[in-house]
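Chemist: Once you have looked at the hints, place chain B on chain A.
Protein chains: 2
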Amino acid sequence: MTQASIITIGDELLIGQVVDTNSAWMAQELNKAGIRVTRRVAVGDVWEEIWQALDEEQKHADILLITGGLGPTSDDITKPLLCKYFNGKLVVDEEARKNVLDIFTRLNRPLIERNLLQAEVPDNCTVIQNTRGTAPGMWFEKEGKVFVSMPGVPHEMKGMMESHVIPALQQKFHFPFIVHRTLLTAGVGESFLAERIRDFESALPPEVKLAYLPNYGMVRLRLSASGREKETIEKKVADLFETLQGLVREYLVTNEDEPLEKVVGKLLLGKGKTMCTAESCTGGYIAHLLTSIPGSSAFYDGSVVSYSYQAKEDLLQVEHSVLESKGAVSEEVVIQMAKGALKNIGSDYVIAISGIMGPEGGMPDKPVGTVWVAVGDENSLVTKKFSFRFDRMRNIQLTAVNALNTLRVFIRSEGQ
Amino acid sequence: MTQASIITIGDELLIGQVVDTNSAWMAQELNKAGIRVTRRVAVGDVWEEIWQALDEEQKHADILLITGGLGPTSDDITKPLLCKYFNGKLVVDEEARKNVLDIFTRLNRPLIERNLLQAEVPDNCTVIQNTRGTAPGMWFEKEGKVFVSMPGVPHEMKGMMESHVIPALQQKFHFPFIVHRTLLTAGVGESFLAERIRDFESALPPEVKLAYLPNYGMVRLRLSASGREKETIEKKVADLFETLQGLVREYLVTNEDEPLEKVVGKLLLGKGKTMCTAESCTGGYIAHLLTSIPGSSAFYDGSVVSYSYQAKEDLLQVEHSVLESKGAVSEEVVIQMAKGALKNIGSDYVIAISGIMGPEGGMPDKPVGTVWVAVGDENSLVTKKFSFRFDRMRNIQLTAVNALNTLRVFIRSEGQ
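Residue numbers (this note's numbering), protein chains in the order written: chain A, 370 to 785; chain B, 370 to 785.
For reference, chain A alone in the conformation it holds in the complex:
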C-alpha cells in the first residue's frame, strides 16, 4: 500500500503556540483516498532540521506532504530550501504573480515588493495555484517519490489538497480501497466493551483492524480494512460491522462516524421537532456544537446563555427567591431555566444547565465540577446531577456531551 508522511514546518508547532489541525484533516482526506499515512513529523523553521526531515521521511514513504514555512517573511525558509534540495532556481510564475496582484487589488491593500516574491517558484516543480492566498504550492518528483509543499494556512492548504493534490496523487499511483466503519457507544467503559467483544475481536481476519477510541466517557469502535477489490472489502467489513453492532446494541449511540450533536440533530429532524438550550456554566458551548452543523437552523432555535442572575431572571423567568434560597446550581433552578427557555424560545425540547466549572467558585456542598442538567419537553423534564473533577475546559466539554446524551436518551425513550 502506498505510504505517505506529513511534514509540518513551523516553530509555533514546537513551542505549542498552535495546535496542528492541518495534519488531522490531511490524514483524513488521504485515508479516504486510499493512501496510508504512516508518520507525521513536525519540525521548526530550521534549515538543517527541515533538510534532515526530507531525507528521513522519504525512507519511510512514497509521498511526502509538506505544509508551512511559505509566508512572505524571513522566518519562512521552506521555498528556498526546497529549491536547493531539488537543485532548481527561483523563477517568477506568471499565473501566481497575477494571483498575488488580483488578491491585493480585491483587498484594496498596498502591494509591496515582498508580496510579489510569493510568485517565485523553483523552475523544476509543478506549480499548484493557490486560489485562497498568495503562496503557490509546489510539486516535486525524485526517484519515484512525490514531494508536495503547501502553505500552512488551513483553508489555503485544503483548497489545494481538494482541487489538485489528491486527484493528481490518485492519477499517479494505484491506490487500494480503504474501508472504515465506526460506531459510538455511551455508558460503558473501554475494558468492559473489550471483554464483551473479546471473541469477536480474536476471530477477526488479519486484514481487518479494530480500534477503541475513548473520549469524554464515550467509546468509539472502528473497524478498518484495505484491499484491491472494493466490493469484497466493503462486504467483509459490512458483515463484521453488523455483528459488532449486535454485540454492543444496548450501548449504541450511532453507527456512523459522526459527533453526538449530529446524532441529536438527525433525531430531531426525523421527528420534525426543534430544540433550544438554556446554558449557564457551559456558556454557549452546546449552542456552538449544535450550530457548527450545517443546516442546524432546521432543528435548533437558540439558547439563552444566562451567566448572570439577572439574565436568568429576565430572560428565563427564574424566580429570584429560588436563586437566593437554592443557589444558581440547583435542581430547582435548572427546572425553571428549562421551562423558561421552552416558553420563550418556543421549541419542542430543551436542555438546561447550571454548574461550577472552576477553577474558582467551588463551595463545600457544591465543589467545582458540580453540574445540574434538566432535559425534556413541555410535558416532562428529567434532571441529573453530575460531578466532574477536571479542568475548566474539560468540565465544560464533559457537561455538554453528557447533557446532549441525556436529551438523546429522553427523545429515544418517548413512546416506548
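FYI, nobody ran anything at the bench for these hints, they're computed from the structure. Be aware that one or more of the hints could be misleading.
The list makes no distinction among identical chains, and a pair is therefore deemed to hold if it is satisfied within one copy or across any two copies.
Here are the simulated lysine-lysine pairs, DSS-like style, with alpha carbons at most 30 angstroms apart [to be verified]:
1. K401 with K599
2. K642 with K753
3. K635 with K735
4. K604 with K453
5. K453 with K635
6. K605 with K631
Just so it is clear, the structure is predicted and the values come from calculations on it, not from any experiment.
Modeler: Positioned in the frame of chain A, the structure of chain B alone reads:
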C-alpha cells in the same frame, strides 16, 4: 541546549480521527521549562513503526516523551514494546494495582482481569503513578537519554507531566532559560508588518528570533531567546520587545500572549463594566470564547443565541415587520438585537451579530459570508458589514474575532 522529541502513538492520529492537542500542550510546558522540542512524530499502533521511531528520535534528542498506546485493549502495544525495547520483564506494581482497585471502587464499576493488567510495568523502569486514570507512566534511561511513556488521555498525561515529569527532568538536566515575548496586532497584513520592522529584524542579534504568526486576519509577533543567565536574557528581550511595540504601536492589540477575548475581558474588568452578546450566525461561539476564561462571570453576563425568528422577537424584541422587510441579516436587525440584549441582560456593552455562515442559505444580494455586526453601549452603537468567503467554521471564527475586535476598539476609543 537540551533537546526533546515528542512521539505520539495511535492509528487515530494517522487517519485524522483525532486532533493531536497533547503535543501542543507538552511543547508549551517543556518550552517554559527550558527544554527545546525539536521534533514531534506521530506513528500508528504498529510494532515496527514504534520501534523505528524510538531508534530514530534518540538520534535527534536527549529526551523522548511518548504518549498513547497504553490502554487496556489489544490494539495498545506501547507497554509490551517498551518492555522488550529495554529488555525488561513485566511485573505488578503494587501502588499502581491499588490505584486501579481504588478507581473501580470509586466509580462503582465491575473490575475485570484486563483492568488489573494495567498495573503491570517493566521491572527496569521508574513508575510514574497516574492519579487520574489506570495506566501508569514509565520512565526509562539508556545511555544518558531519558524515555518517558505516558497515557494519551489528555488530563492523565497533563497530571503526570506537571506533578512528576517536568520536575524530574529539571532535576536531571541543567536547562537554559527561555524567554518569549509575544504581541498581537490587528488591521494589518504580515507583509506590511515585515516591511515596517525590516530594519529592526535585520539588526536582531543572532540569539534572538522573530516569528510572524498570522491567524484570522490578525498577526502575532514573537521574540524568543535562550541563554544561561536569566537576567541578561530577559533584559535583552525586554528591551527589543519595547522597541518592537513602538514600531507597531497603532496596530497593537496586546503585548501579552493571550487571546483577543481575554484582552476584551481585561479591558472590561479594568473599567468595572460588563458585556453581553446577541448571537445569531455565530451560534454561541463568542459566548463560548468569553466563558472559556476562568472568572469570566465578572465581566460577562450572558448571551441570547437567537437562531430562530421567534427567539429574536421574544427574547430580543426585534420587530417582526423589520425581520420581514429587511431580512434577519441586516443592519436594522443587529441594531435591534443589540438594544434588546442590553435592555434584557442589563450589561454595559453589547455585541450583536447576524449573518449567513454557509454552506447553504446564501442569496443573490446576501451571499454566504455576509455578516452584520453591531457593538456599543446604551448611548452609541457602531455597525459593520463583513464579507467572509470561507467554510462554515472559519466564517464563524472570523466573525467572532472581528466582532470582539470591533468592541475592543469601541471601548478603547471612548473618551478620546
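Chemist: Which numbered hints are broken by the structure, listed smallest first?
Modeler: 4, 5
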